[in-house]
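Residue numbers (this note's numbering), protein chains in the order written: chain A, 1 to 615; chain B, 1001 to 1351.
FYI, nobody ran anything at the bench for these hints, they're computed from the structure.
From a predicted model like this one, the values you see are computed outputs, not experimental measurements.
Hints should not be assumed to be uniformly reliable.
Now the stretches of chain A that chain B is said to cover, found in silico as 3 or more residues with beta-carbon under 8 Å [what the hints assert, rightly or not]: (1) 177–189; (2) 436–447.
DSSO-like cross-link-like pairs, simulated, lysine-lysine; straight-line CA separation at most 30 Å [stated by the list, open to error]: (3) A/Lys252 / B/Lys1345; (4) B/Lys1345 / A/Lys253; (5) A/Lys447 / B/Lys1345.
Ideal Cβ placement from N, Cα and C applies to all residues, glycine included.
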Amino acid sequence: MSVQSPISSVNDFVVRFANVNGSGSASANELFARSILRHGVPVSPRNIFPSNIQGLPTWYEVRVTEDGHLGARGGVDMMVAMNPQTWDKDVASIEPGGYLFYDSTKPMPTSKFREDITVIGVPLTAITNSTYTDPRQRQLFKNIIYLGALCALLDLDPKVVEQLIGEQYKGKEKLLSSNVHALHLGRDWALQNLKCPIGLRVKKSDKVGDRIFVEGNSAAALGAVYGGATVCAWYPITPSSSVAEAFTSHCKKYRHDPETGKAKYAIVQGEDELASIGIVIGASWNGARAFTATSGPGISLMTEFIGLSYFAEIPAVIMNIQRAGPSTGMPTRTQQCDVIACAYASHGDTKHVLLFPEDPAEAFEFAAAAFDLAERLQTTIFLMLDLDIGMNHRLCRPLKWDDAKQYDRGKVMTAEMLEEGRDFGRYLDVDGDGIPYRTYPGTHPTKGSYFTRGTSRDRYARYSEEGAVYADNMQRLVRKFETAQDMVPRPLQANAAKPTKYGVLYFGSTSPAMDEAIGILEARGHQLDRMRIRAFPFHSSVASFIADHDFVYVVEQNRDAQLRQLIVNENGIDPVRLVPILHYDGTPITARFIANAIADHQDHLKVTPLRKAVT
Amino acid sequence: MTYIAKPKFHHPGLKKNELGYTHRDYEGKISTLCAGCGHDSITASIIEACYELSIEPHRVAKISGIGCSSKTPDYFLGNSHGFNSVHGRMPSVLTGANLANRDLIYLGVSGDGDSASIGFGQFAHSIRRAVNMTYIVENNGVYGLTKGQFSATADRGSKSKKGVTNTDNAIDLVAIALQLGATFVARSFSGDKTQLVPLIAAAIRHKGASFIDVISPCIAFNNHAGSTKSFDYVREHNDAVNRLDVLVGREPISVDYAPGTVQVVEQHDGTRLALRKLDADYDPHDRLGAQTFLQKHAAKGQIVTGLLYVDPDAEDLHTHLDTVETPLNTMDEKALCPGSAVLDKINASLR
């Protein structure tokens, strides 16, 4: 066996922290990620956590990436092994030549290590216990002490970390100084007792720019604030709860009347998802902008109301932070598995608008836009995030807002319009776009009232079971869906350097891994044009993109190739031309996975010409 | 039937209320329910109450679930917006509508299947949340539209039209509403309009969660011997604790009552409720007492009706959420959007 030399890499490696949940490690780990960002080096952190509050294993992975690859990479260069429960698995997951950082207070048998990795022991418990007596302090400061040791090992500037601690504990001097003290305890011990730095190092750079570091759920909630949502009804469910919680905290800051101090919003934690969507539908029917946030099981529960929203034409915004299904599935793992469930939610013939943001910046933009779309189209708009975008901090471009922008409240007939004698038919297609006018309750004493129902009715909202009347309405709804196609965010296309017969379609959180995979594939000689789908109904350019290529890969994070199914179904595409690339184990898709899967397929496509028999 | 257009002409001398509206202005389409249905009497009582209160008809939002009772909002207040929503989900739709515009009057119409079975949870939680509404359950103990199955309010031991005896215990929605903190709780009988009209009027003027359980016999499927929701049975077992007169404005109490038998309750908006006591011991301000009273009388097979509980100082969901006085649905980007300067600061805090 050849001796494995330790990995040597500057600003390009993966550190994974193995912790026990509930141990207070999350804030120290996040501090670590932010510290590297402050060195001007992009990072992409991910929480890998159990559906549990205390005691089970949790991991925090930080990909340090000067090149700005924000997708998960796969593999671990340095393991900070703080959890004895997962020790064996954690040690086994380290790349050959990688590093193992552990608490060496208690001696470990050599059989617990590997020969091809560098083992770094720091007596964390001993250092902690000799300094602190309070058990909770011991637990929390141990995390800061290992952060201090990592500072020395990875050559981080302690001033940067100190500054971040200063920002975090601004005004809480005691906490500030004790955290800084703990940081130096760990750093000093490492400097005095270990060879610092190791092969993995952080060097100051300028690759972060003006980008921000934010969770998708928080950005989406902020989009709802900017988009004018006033009513939010929700039921707690992982991984979506932090949307409503963030909306609450944003509203507390930005939505109180400066004079009266009163709230310009109403947030209700419903008794279940049915009540949540019911409240949204009621509020939207009455002219307020309303939304709910949920995840797969919640979508299943809401489907009856979603059908009502479609058929009675009531705006609604549903943010679906997808997690691995079916059933309870893996509540704390990511997937893009509700594409079909949302596109066709509810019984009968229904179709719904889906928006697929790639990161928090788009989550903000699309969330705000969803309210305009919902009111313009008078139907449900789904904002399809997933756990990977929603619950992880992601580096993205700064959020932008145009102050000249006015909300599009859609076709609303006012008292003045009714007074002028305008013909009001609630389901009357006056403009040929399939979108009728609506009135808000209480508009006019004698004109414009109507009875909203989920049963069939004519153009003037009168109950009807006539076949022709029903079909007329259903056809208008199709027309409306066609109108939606040109209103939703268009797909974005990027062509390969050289003309190619192959293309790739992808969406949502797959984006950073896909971008990185394109580079890997190009290096291996595979040229691919790519198109990122940002909404359903699909813009006509999706069909042309497919037509322009012999084969198109459809990369997605679910088992059944749901986006591919939707494309085949809605665009009448020959399924043979759409090659599914599927990742669905609950971990975020990686560039390595995509590149390998596509390269494999490309290799199979290579035709070895048969030699003609010469007679 | 609704395909028959209701004639619009009316007697020129028809009485007008304070706002100049006639009784006809509060009517809706022609009912499609069975002739003699108790629900139609409730519809008539709602029309009467709104007329007497001089409510602008279009300022009422009528919201219902699914079922015979939930069809009725089409038959009253034809100039109001109505919403025949999803089975058992009227309370959530009403809650959302109320949050969007606190200035309208919210009338929730539901049935016993809608509120005691499929929508039991939503009924309970809307009451808990103190949504400012008048929640009327048209309670016939039976699923009418699907032809006569028992509902959850059917009494144990009562017989279906097909002769089946109900073995499940009944849910008393009034008892639940009291327990969950409704601030106006009443029960009445569709056959007793003089009792029902003022109860509806008082409930509408009540700022908070008002709940009225109206026993409303289903003449098609639950009006036979052995039923405890038939006209005959309810008349025989009706135990009214009080009679109510609703006094709007400053008019003096002119009704002729024997001294000591009238209790006047003033609600937040100035409406006075004059309660004629029929049961000398009954105190409509005693929530616990009301619960005990109900249970004792139910055990004797009596149906307690009247204004069972009222808290004149009730609060509602908007008070709890401390929302602005301006209806949320009227606010535009100027009022709601924090703007780009704030966003720049937010961006800076995320670096």
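Status of each hint after checking the structure:
{"no.": "1", "hint": "177–189", "verdict": "violated (count 0)"}
{"no.": "2", "hint": "436–447", "verdict": "holds (count 8)"}
{"no.": "3", "hint": "A/Lys252 / B/Lys1345", "verdict": "holds (16 Å)"}
{"no.": "4", "hint": "B/Lys1345 / A/Lys253", "verdict": "holds (12 Å)"}
{"no.": "5", "hint": "A/Lys447 / B/Lys1345", "verdict": "violated (46 Å)"}
When the structure is compared with the earlier hints, violations turn up for hints 1, 5 and for no others.
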